[in-house]
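Visitor: One-letter residues, chain by chain:
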Amino acid sequence: MSADFRPAARAAAAVVALLPLVLAVVWLRTPEAQQQPAEFVAPAISDTGSLEGPRQPIFFRHDIHAGQYQMDCRYCHYAVEVSPYPGLPSMETCMGCHRITGAALPEVQKLREAAGTGQAIEWVKVHNLPQFVRFPHMRHVRAEIACQTCHGPVERMPQVYQYASLKMGWCLDCHKQRQVTTDCTACHY
Amino acid sequence: MSGPPGVLAAFQHVDAAVDAIRAVKELGYRDFTVYTPAPNHEVDKAVGHKVSPVRLWTLFGGLTGCAAGFAMTLWMSYDYPIVVGGKPLGSIPPYVVIAFELTILIGALSTIAGLLFHSWRTRRKAAYDPRFSDDHIGIFVPAPPERHAALRQLFIESGAVEVKVEG
Amino acid sequence: MSDSWQMLEGEGARINRRKFLKVLGVAGGGAVALSGCAGEPEKLIPYLIAPEDQIPGVATWYATTCRECPGGCGVHAKVREGRVVKLEGNPDHPVNLGKLCARGQAALQGVYNPDRVRSPLARTAGGDFEPISWEDALQRVAERLGSAERGRIWFLTGNEKGTFEQLVREWLSAFGSGRHVVYEPFGYEALRRATLDVFGIDGLPFYHLDEARYILSFGADFLETWLSPVELTRRFTASHAFQNGSMGRLVQVEPRMGLTGMNADEWIAPVPGTEGLVALAIAHVIVRDRLARVPADVSRIRQVLDAHTPEAVAGRSGVAAETIERLAREFTAESSVALPGGVGSQHSQAHASAAAVHLLNYVAGNVGRTVTFAPGYDPSGGSSYRGLADLAAAARNGEVGVLLVHGANPVYASPAGLGFAQAMRQISFKVSFSRFLDETAREADLILPDHDPLEQWNDYEPRPGVYALQQPVMQPVFDTRQTGDVLLELARISGGQAAARFSASTYRDYLMERWRQIQRQVGARGTFEEFWNEALRRGGVWTEVRGRGASLAAGVSRLQFDAWSAPEGSLTLIAYPSSALYDGRGANRPWLQELPDPVTKVTWGSWVEIHPETAARMGVAEGEFVEVSSEAGAIRAPAYLYQGVRPDVVAVAVGQGHTAFGRYAEGRGVNVYGVLGAEPQEFGGIAYYAAVSIRKTGEYERLAKTEGTPRQLGRGIAQATTLAEMLHGEFHPEHTEHAAEVPEHIEEVLEQWQERQYADWRNRGNYAGEHPRWGMVIDLSRCTGCSACVTACYAENNIPTVGKAAVQRGREMSWLRIERYFEGGNGEPFEARVIPMLCQHCTNAPCEPVCPVFAAYHTPDGLNAQVYNRCVGTRYCSNNCPYKVRYFNWFDYQNPADPAFAWPDPLHWLLNPDITVRSKGVMEKCTFCIQRIRGAQHRARMEGIPIRDGDIKTACEQTCPADAIVFGDLNDPDSRVSRLALDPRGYKVLEGLNTRPAITYLARVRNRAEE
Amino acid sequence: MAAIAQPERVTATPTYREITRDIVATLGHPGRLYWIALGSALLVLAIGAGALLYQIRYGLGVAGYAPPVMWGVYITTFVFWVGIAHCGTLVSAILYLFRSAWRTAVYRTAEVMTVFAVLTAGLFPLIHIGRIWYAYWLIPYPNQRQIWVNFKSPLLWDVFAVTTYLIVSTVFLTVGMIPDVASARDRATGWRKKLYELVSLGWKGTDQQWRHYLKAYLYLAAFATPLVLSVHSVVSWDFAMSIVPGWHTTIFAPYFVAGAIYSGLAMVVTLLVPLRRAFKLERYIHEDHFENLAKLILITGMIVGYAYAVEYFIAWYSGNPFERSAFWNRAFGDYWWATWTMIVCNAFLPLLLWFRKIRRSIPAMFLISLFVNLGMWFERFVIIVVSLSFEYEPFAHGHYTPSWVDWAILAGSFGWFFTWFLLFAKNFPMVSIAEVKEIIPMPRRKEART
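Protein chains in written order, with the numbering used here: chain A, 1 to 189; chain B, 1 to 167; chain C, 1 to 1011; chain D, 1 to 450.
Be careful, since some hints might not be right.
Capping the alpha-carbon separation at 25 Å, the derived lysine-lysine pairs in BS3-like fashion look like this [said to hold, decoys possible]:
#1 K110(A) with K125(A)
#2 K125(B) with K357(D)
#3 K194(D) with K125(B)
#4 K50(B) with K125(B)
#5 K125(B) with K45(B)
#6 K87(B) with K176(A)
#7 K167(A) with K125(A)
#8 K357(D) with K280(D)
Source of the hints: derived by calculation from the structure; they are not laboratory data. Being a predicted model, the structure only gives us computed values, none of them experimental.
Excised from the complex, chain A in its bound form:
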């Protein structure tokens, strides 16, 4: 993960400026991909009914974005390093690329339509913590816990599903193993 990643707020504000950069990264990576035969190519999926996880209003492919194009999680989930909440990309962020990229794809059409009417997309929440728990994302990112530890191999998921139980016992297992606090008020207050 790039250490000099720009703080989230600025990233969100500078989407348009970053657009060429992202395209450049994608483009620059392509030759490497050719050298590495193991490079992941997201599969074409025809039968979405059999996929794990809730159906979203737009069939957003994490496996394409984070897997095939190797976009950093923090590009979209921009607040994760500074906030308890990871942050959802604004429509502006999506449209930053999709004004041009993949404009013809039917799912992108849905996005453009929504952005055009100013209608927010209601994504279905996938990772449901039990109630009354405070999970500070930034502390866990800071402790260099990989996103995949809790969220699973999102970069291979055509449709995201809840990977871990996220229940208290599951949290505690990790906390006990790493010998960090198991105090109740670390999470409950």
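Go by the hints and put chains B, C and D onto chain A.
Guide: For chains B, C and D alone, coordinates are given in the frame of chain A:
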């Protein structure tokens, strides 16, 4: 009744029944069955059983409960240690209460288990009559048909009010 | 799990977020969760365009100005996901230096008040109001303005000192010179008049309480509502708190002991109305005995002073001549200041009393030292009741064509005899800009709701040299428009001269125009852009305007000094300002309604304070209704027996008895204006004294008060000592039991053992790499009992308000309460003590071991924690808490479908997203603002630097105007809290129980008169 | 206990046959009176259940709680019923160990009362907690949260003690009933025969069965005896372990146990009087039994009275100002009427039992038992409510008045208890057939001849 063959006698008088039991025992019968409507010392003495092993169940149940009580409370206190009121994590005095209650609970339940187990183990197929839960003492001696007559005779002499030959 | 049994997280669950988004017009809040009924999956709604300065989950702070009273404190508004969730004082602001009172904290309940006017309303033929569009509304006003005769447009506002006042004046002149009336019910007409009479200055004095060692107050309630209470509280504590072995002294001369009187070292209760005479007698003694360097021109008032010998005054005022002599000596022994009375002392001769106090200050040489003058200073904005009376008279005479009302509610807050409502009905067209349907708005033909002060651009000048800016901290909640914009728009629609007059198209532009002038005035360098941005960041600009001294005016010798006196056989009614509801404008804020009155501890209603002797004579017990009747009218309210009023006085607070103004205010208590005389007094203000008779009615209600037993029963809860004791020896806590019941060596072993128990556990605590032990020190010599902390706690911790019936059963949820105990009385000097009581976070907490499920336990950092979602509600912890600081959710206060729901839409938007909203059936209590502790620990860990002392401030500490509360790490020997905890005045409440609280109280010190 | 007089045998000692016939006859067709009684019990139960549902829906606030009085009618009633429950085991277990023959006629009633009283009492901790749906968190079961329960909390002791007591007393009752049910089985027809067959577990009264049975019963009695003493001690520790003035005292355990047995005996009398009449058991339960019960009531009542005196004495003697003012408040504060009701009903009225005439007068006994029941309820009310209303922090003192929900649920608990009791009484023998027979010698041949 589809019990084993034998002779069933009903008595109204406790001394008669006791006499009969002694006589049956003298004849060498061991697996006879005596019915009483209420516990009766004389009958009990005449039959002459050893002390019931149920008491061992009580002992072991009680000890198990006590140990389980202490083990559970202490282990749970340290498994997820939470400090309350400035008290030590494992505090024996309050845990005595739990151990005590579990001693009683498991002790009592194992006594019942012992009762059921031993009653089941010592059960015999034997003829029965509803009067035995009312006011009659009953004796059933299982025996092959060739000895029925002798037994019948014995019971009548002892003062049985009724003698029935089964099988 | 059924949905209705779940707690609600601040940022989650069942608040109707969809509506919130729609109304706010911002498309979403980052990771805002939205859930409907059980089973329906939660939804996440992204921003359309991410706001530049906001990160979901991280608060943004904006500086603005509190407009809840004329004090004009600076505030910082905490904004999360586009909604303001907490107000805190602006530490840079010269008025309040980061502090805020209860009313300021409750400003949040103004912006989110469910009874706000949500769109323009027009009166229908039937007399009801119907919503109309802004275009329609503006058109209707413009028509009326166009047809109004010259000079017949009247504009009635509250105190709007600043740009808006300028706009109103300009706007009126653009429409042909109408008349602008400023009306604040709590005006300073008497003091203004006295200052003019005595010194020839038009403006109020500044009182530098912090520079006076001796404060002699003739009924000034400067800790409650007088002038600028937050600022004066700070200045008072600076002088009066016990520090470095000394402290100032406050003597309160007033017939009713209010909160300020409770804080006095000595309370002197003169015959009502005679406090001015006492002041003159003291001045007499000073001049007679040459106790101070008397200015030469005092000879001009020689006649007046000669007439007021202590002996003569003693007879009329009931204050012994020796006392007057003593006060004179004390007053001149060190730097001193005498304060004239506030609203609660405003009788018909209030101007004479104030003049007498001016003279007292003058002869003692205080003028120019502790009393200075800045012309034009008037926190009521030049308000005049006479102006309002003129308006009423003009309306009756048909001289008012159009009346526009902004920021004033005279139909409620003026004597009933004035008949302002009837007068208004004589006016053919009345426009109200009120945010609420209050009594005055109800009389209007058209309501054009203004933005809440937190939603608008504006500025305010609380005093000369302080220009405080207001900026919108969030999008408007409803379809409202800023009145400034409306006025400009009206001018534009009207066209012609009116349109030509204004170049600014929006009020914000208009404001910035004026700020260009301000930049020149204060001489700030740089571009206007820089100046403006800096002002926005800081909350305004301020320059130090040190007032000047004064000398006696020419006509001073002609002044008459009369006392007010009630006719023989009648009682004196004192209508005093409510410290929570102010003049009634706070009555629609549930926090303020539920905030116990600092003196009587009554909530949600009115009461009549009666001396127990008077009550005994009439056979009245607490809670029995009495009828108080004057010539002007009668009111009925339950009695509260209080030794802090003289037997010839009854007292009723202003602020209740609304007939409109929303669900929280309406039909609650009585409006004391109903018994006050309507005639403007000589000085132009309202007389808040009235001659009354009272009678028992036979009705009864259990008073909704939070007080149990008002006496300490010798238990040493709120302890006090005297200055003399502090100087001569040690303070000995009054403990009812000895703390150490175990031999010392055993104590030692126990301690070691306990440490060992924690040792392993501590290693696993590790929030910030250290092991803090959080603790608090509360200095009772600073605490005034003002209760700002209580409301701050409500705001920070999502505490529900429960309503009157629940308080009657003692079910208030206030995590922090101010206990008030009475001492003495019945012949002894009557005193009161206050003590903030909150969870003591005991080391050996009795509440913890009795919880069967570990919901109450001790954290490694020394907090007594309550895990809400583990709680099953046995309430054993509360039984076992000797301090009774645990609160149970008797009803489902967090459930919108429940009748007990405490935050009706949109009030729930003020909920703090960093903390759980508790559901029914769970126990809750003070957490030492754990969300702030954890937040600071997160920040420290993210930034890689340790937490410094003072980084974490609890909500109560943060807002305390007296700086009485200090929070910090007791394990850090250098922290303020650990140093203060060693103070010789330190004691723990109920120390004998060996609970070892984390809160140390420092005993109050009374500076008693030396005998 | 041994000092208690052996009741004189009624002149016409019933024969075994008569016993069987008389007692099995009580299981016969219910009369109108029975249906009225059962119907009223169910009605009251329904009212209580309705109030409970209402409370669960809207929260505990519908009850009269007024902080600082966080426990009110529910815990009062809990302790009341737990107390009632103590007499059954006393009569059946302790008197069994003392071989006190007169117990045989009354012990079944006492035991049935015990089981259903515990069943009733056990509801109240649930009714009183804020989140009844999480009550199972008090059980130490392995869960994914990896968190256990706090064994230091007296409430946990309560969970264990009351559960143990419920189980053991139920087992004790059931085991004691086996021979009798067998006896009923041999005389019943239809579905009841099937029921009795099931409950009697194949009992035939054989020598082997009796041998194990008597041993097991003896040990159960031996266990039940300390249990009965421990349960109310534990309940008393709910209070005594806290620091509330008026609760925190070492006398509580013996005081509560004595009080519990006292109230339980009173309740036995209250139940036996109508039962004896309705089931025509005058021949088995007669004045001698009541006199013996009266003597026990008198003894325990005097212990209770003594405990009251000691409480006040210690409050004074300790010099602890909190204790002193708490007890002053009890006698002369807002709740003086509750305190004096308790003292008169519990300490003074039972002194009438010194008179033999009153001991042997069944109407008088019935009346006194009702007063003792009332007084004992108020005792718990005084201990709980009055102590809590006047604690350490004077500013937080409060005043509690129960609401209609409190009263409805209190009444409902009686409905619940009597529903079970009535259903049981008509379906199972309320007097032990086997044990009544046991104390009557079986006829002998020699006697028969002479």
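Visitor: Hints broken by the structure, by number, lowest first?
Guide: Structure breaks hint 2 only.
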